[in-house]
Amino acid sequence: MRVDDTGGLPYELILVLNRPYMITNNIDVADGLSNGTVGKLCYVQRDENHNIIRIWMKFTKLCGRKRATKSRNLSVRLNLGDAAVPITPQTSTIPPITIKP
616 MRVDDTGGLP YELILVLNRP YMITNNIDVA DGLSNGTVGK LCYVQRDENH NIIRIWMKFT
676 KLCGRKRATK SRNLSVRLNL GDAAVPITPQ TSTIPPITIK P
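In my numbering, each number is its position in the sequence shown, counted from 1, plus 615.
The set of hints was computed from the structure by calculation and includes no laboratory data.
Small disclaimer: the values here were computed from a predicted structure and weren't measured.
Fair warning: there could be bad hints in the mix.
What the hints assert, rightly or not - In silico lysine-lysine, BS3-like type, Cα no more than 25 angstroms apart, as pairs:
hint, residue 1, residue 2
1, K681, K715
2, K685, K655
3, K681, K655
4, K655, K673
5, K673, K685
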């Protein structure tokens with residue numbers, strides 16, 4: 616699949632731990648997880664088939680606190696501490712682009 620087929624978005628992302636990433640859509644605005652928020656990737660959680668089921672990020676103290684609190688037991692079990700914020704994958708349908716001659 617070409618980038619043209621995905622509306623300019625890459626088909627595959629390479630993620631690197633402890634690097635900053637920007638959220639590009641609103642996940643939970645009230646919790647500070649909105650478009651433009653930057654955090655560091657601290658863990659990529661996979662299922663038994665090696666598919667990504669969620670990523671864990673760390674933000675400033677004001678971002679993602681509600682979500683981190685709800686997931687505290689799991690984040691501690693994964694040795695991520697209590698400040699890690701889980702983010703589950705979201706999918707979008709990108710309509711094909713028709714180029715008129």
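We went through each hint and held it up to the structure:
Our distance criterion of 25 angstroms between C-alpha atoms is broken by K681 and K715, whose separation comes to about 47 angstroms. As the CA atoms of K685 and K655 are separated by approximately 19 angstroms, the hinted pair is consistent with the 25 angstroms bound. For the given pair, K681 sits about 18 angstroms from K655 by alpha-carbon distance, which is consistent with the 25 angstroms threshold. Note on K655 and K673: the hinted pairing holds, with a Cα-Cα distance of about 5 angstroms set against a maximum of 25 angstroms.
The suggested pairing of K673 with K685 holds, with an alpha-carbon distance near 15 angstroms, which does not exceed 25 angstroms.
The structure shown violates just one earlier hint, number 1.
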